[in-house]
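Residue numbers (numbering that gives the first Met the number 0), protein chains in the order written: chain L, 0 to 192; chain S, 0 to 164.
Stretches of chain S that chain L covers, calculated by requiring three or more beta carbons in the stretch to come under 8 Å of a beta carbon on chain L:
| # | region |
| --- | --- |
| 1 | 26-40 |
| 2 | 53-59 |
| 3 | 137-146 |
Hints are computed from structural coordinates only; laboratory data are not their basis.
Even for Gly, the Cβ is constructed at its ideal location relative to N, Cα and C.
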Amino acid sequence: MSLINYASREINCKIVYYGPGLGGKTTNLKYIYSKIAPGIRGKLISLATELDRTLFFDFLPVDVGTIKGFKTRFHLYTVPGQVYYNASRKLILKGVDGIIFVADSQIERFDDNIDSMENMKLNVANIGLSTSTIPLVIQYNKRDLPNISPLDKLETVLNPQRVPYYEAVATQGVGVFDTLKACSKIVIRTLSR
Amino acid sequence: MPFESVNIFEQDFWEINENLEHLKKEANAESVLLIDKAGQLITSTGDVTEMDMSAFASLSAADFAATSQLASLIGENEFNTLFHQGKNLSLYVSVIAQSVILVVIFSKKTTLGLVRLRVNSISKKLNEIFAHIFEKLGAAKEERQKNFGEDFFKEADSEIDNLFT
Numbered sequence: 000m001s002l003i004n005y006a007s008r009e010i011n012c013k014i015v016y017y018g019p020g021l022g023g024k025t026t027n028l029k030y031i032y033s034k035i036a037p038g039i040r041g042k043l044i045s046l047a048t049e050l051d052r053t054l055f056f057d058f059l060p061v062d063v064g065t066i067k068g069f070k071t072r073f074h075l076y077t078v079p080g081q082v083y084y085n086a087s088r089k090l091i092l093k094g095v096d097g098i099i100f101v102a103d104s105q106i107e108r109f110d111d112n113i114d115s116m117e118n119m120k121l122n123v124a125n126i127g128l129s130t131s132t133i134p135l136v137i138q139y140n141k142r143d144l145p146n147i148s149p150l151d152k153l154e155t156v157l158n159p160q161r162v163p164y165y166e167a168v169a170t171q172g173v174g175v176f177d178t179l180k181a182c183s184k185i186v187i188r189t190l191s192r
Numbered sequence: 000m001p002f003e004s005v006n007i008f009e010q011d012f013w014e015i016n017e018n019l020e021h022l023k024k025e026a027n028a029e030s031v032l033l034i035d036k037a038g039q040l041i042t043s044t045g046d047v048t049e050m051d052m053s054a055f056a057s058l059s060a061a062d063f064a065a066t067s068q069l070a071s072l073i074g075e076n077e078f079n080t081l082f083h084q085g086k087n088l089s090l091y092v093s094v095i096a097q098s099v100i101l102v103v104i105f106s107k108k109t110t111l112g113l114v115r116l117r118v119n120s121i122s123k124k125l126n127e128i129f130a131h132i133f134e135k136l137g138a139a140k141e142e143r144q145k146n147f148g149e150d151f152f153k154e155a156d157s158e159i160d161n162l163f164t
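Generate the whole structure from the sequences, applying the supplied hints.
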């Protein structure tokens with residue numbers, strides 16, 4: 000969970016991008032990296048295969064600024080989406096403060112989204128948390144493609160909790176910051192818990 | 000309680016730093032870092048200005064987490080220490096109070112044996128400090144509620160809006 004250092008006046012929070020493989024989690028991070036001034040973000044670390052599939056995680060630290068004297072920083076992580084990397088996903092969820100679930104809107108990925116959401120709930124429960132208490136925001140990605148599921152169908156299946164959601168085209172940056180903003184603000188509000 | 004929010008107060012922080020300084024000196028190490036298991040840097044000592052500390056902390060935690068899984072595959076709970084040997088610099092990594100990772104970066108000016116010895120002797124002290132930190136969770140909650148109220152949230156919202164546009 001968050002690290003609050005009252006001596007050095009620092010707050011670090013961890014946000015994890017979760018979702019099925021090839022859904023656009025790494026694309027979200029790459030877009031954020033490309034649009035944020037170098038002075039306020041760190042290096043984008045990608046532990047990926049030669050074919051650019053996430054093997055372990057991607058990591059990007061972002062400085063939000065100094066809020067009431069506390070230097071506040073978000074650590075953004077992605078998990079590998081491929082089904083057989085579940086051990087890695089479990090490790091990355093450790094200490095998570097907020098989750099952005101990146102769903103792939105394409106019709107043929109409908110079931111993969113459901114599987115990944117179920118997998119996330121299980122893994123979150125494994126570390127003693129619940130998706131009903133941990134900040135969660137859903138991003139419906141790839142909305143520019145022709146073969147996509149209707150939003151209400153995705154909402155019915157993936158979002159029974161009615162958490163905030165955003166439509167996105169991560170390759171063009173559409174919805175990327177809106178999703179991150181929403182999750183960051185909820186995470187900040189959990190600091191007083 | 001490995002994944003509770005870590006709250007470090009002034010007195011504990013200086014005590015931790017003092018111990019890390021002592022370890023660095025006694026082990027003749029280049030630098031010493033303390034990282035939580037979520038990959039967040041708690042504090043460091045020594046010259047680390049050239050290093051990307053966030054990346055280092057994140058990768059150290061991942062390294063430790065992955066190795067712990069390897070340990071469990073052979074029936075071990077976790078490996079308490081890891082050692083990575085480089086040409087010029089090496090890393091000695093060990094776990095403190097079950098939830099914090101201590102990383103010592105050292106050169107050929109010293110030896111693995113000395114580093115290990117000094118880490119072992121400081122571990123007890125650091126374990127005590129962190130046990131104390133985790134005991135104070137109730138006080139930490141009070142402190143959080145005092146520091147993080149509506150004013151803080153509003154200012155944070157505005158910073159977030161400005162940053163992510």
